[in-house]
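Listed here are the chains, written in short residue letters.
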Amino acid sequence: MVSYFRQLGQFLIELISVVGRAGAVWWQAIWRKPELKNAGLVVRQIYQLGVLSVVIIVLSGFSIGAVLALQGYNQLVKYGSESALGLGVALVLVMEIGPVVSALLYAGRAGSAVTAEIGLMRATEQLSSMEMLGVDPLQRIVSPRLWAGFIVMPILALMFSIVGIWGASLIGVNWLGVHEGAFWSSMQEGVDFYSHVMKGIIKSVVFGIIVIWIAVFQGYDAQPTSEGIAAATTRTVVYSSVAVLVLDFFLTLVMFNF
Amino acid sequence: MEDHVCIQNLTYNRGARRIFDGITLRIPRGKIVAIMGPSGTGKTTLLRLIGGQLRPDTGTIRVNGKSIPDLSRADLFAVRREMGMLFQSGALFTDISVFDNVAFPLRVHTDLSEELIRDLVLIKLQAVGLRGAAGLFPAELSGGMVRRVALARTVALDPSLIMYDEPFAGLDPIAMGVIVQLIKTVNRVYGTTSIIVSHDITETASIADYIYVISDGRLIGSGTPQEMLSHESPRVKQFVKGLPDGPVPFHYPAIDFADELLQDRGSS
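Protein sequences, first through last, are from chains A and B. Take the position in the first sequence, starting the count at 1, then add 68; the result is the number in our numbering. Take the position in the second sequence, starting the count at 1, then add 1244; the result is the number in our numbering.
Any given hint might turn out to be false.
As the list claims (entries may be wrong) - With beta-carbon atoms standing in for the labels, derived distance ranges: (1) A:E164 to B:I1340: 37 to 47 angstroms; (2) A:A299 to B:T1446: 36 to 46 angstroms; (3) B:G1309 to A:S294: 41 to 51 angstroms; (4) A:G88 to B:Q1425: 40 to 50 angstroms.
No lab work stands behind these hints, which were simulated from the structure alone. All values derive from a computational prediction rather than experimental measurement. Yeah, the Cβ is synthetic: ideal placement off N, Cα and C, and Gly gets one too.
If we strip away everything but chain A, and leave its shape as in the complex, we get:
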């Protein structure tokens, strides 16, 4: 019994310590935003985190849009409502699947890369040498990745949804024969920018913040060994994925007035 409480106490102390360290890294890095002359550092990270993720986002978005069209048509056609296919696919993509799946893909592709990169820089003393050269790694390494991470996530989520809708239209309209006018007009009438699209964008911004925060912290806090970096990379993907799914539930609860 005593040992149970001791283990619980140790776990809680470790949890508070990790949250405190993560908060400190976030706070210090976010206020040490790169100076204007170092804007190139953020641009480079936008390329690394965003542009290099475009292929996986486009391929996944297209596949999911196409599958949604197939499954949606299968059900709607039973009630003669296949003209609502465009509306259904667009709402599902813009409000839920677009932000959530793109965030999960982003955590796997970009988040893991950020953790491994920063962790390896720590293991090879590159962060220490930067400190000894009078350069703050939080400003030079962590901050550009945080800012780039916030910027690219909503763009990737929007891209995912747009390509998904395009994939659905190819399957629904061009292959399954849903009326093109009905497909697009139902979407135009039913999807509201502020009620639906904007809420999806807000979700993706929150997911972007949480994923990149977990990624940079896990890298910065990683044990400087190969096992430590491997464990940190795994934690980034697992924690980010769980955080995205749990946060999605609460954001949906709050934003859609349940």
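Following the hints, position chain B against chain A.
Using the frame of chain A, we list chain B on its own:
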């Protein structure tokens, strides 16, 4: 003249283990001072304490009269611009070329034009004999070359204090000779104060003005290289003469060997 680095009654613990137990030492300005001792005595930790990367539990560390543990993060980074540290691994930035590694501190801390930075970088690389390797990446260099590039980067801003962490470890005799020569030259030409952490007796004694020997968290001896080579303390003697066993035991603390063997047999 005030000492460049002054450490008094320094204690530092890592977890339950005491790394330093009341160490006091002075590093005079413009001199080459070696800090020596067996592996695992915390020599590198001492450099990190001087550089402000670690905070002591008690005691004072003053560099140029400034108390390092009391500085704010911003002030600490400002003070570090006057320090340089050569890491054992070199710690070059692997995603940029040799040229860009050396140019890095100049680009970050100065507003010099690219033309001037180019000239300065080529001067530093010429000094370490690697101007021809400016376009290479760190992964394409040998261990000795990495350390020479790291030295060029360290002296890029002409720091008044340079700390060398095991500069001779793992080098072939030629590369070792080159590094010894470079440390001496940097000290003489720039008037830099140099702290060398090492356990290579011969090389270190050949360039150091003064040597401190640390073991088990305490200072066990200090003096000029000649004084250290004829030191009376058994601990210092064991270290200087490279004897495998003595006051510094060969074996890590453990229960009796025979007892452990019998224990294993009993449990299997």
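Hint-by-hint comparison with the structure:
1. A:E164 to B:I1340: 37 to 47 angstroms: 42 angstroms, holds
2. A:A299 to B:T1446: 36 to 46 angstroms: Holds - the Cβ-Cβ distance for A299 (chain A) and T1446 (chain B), about 42 angstroms, lies within 36 to 46 angstroms.
3. B:G1309 to A:S294: 41 to 51 angstroms: Holds, at about 42 angstroms.
4. A:G88 to B:Q1425: 40 to 50 angstroms: This hint holds: roughly 48 angstroms between Cβ atoms.
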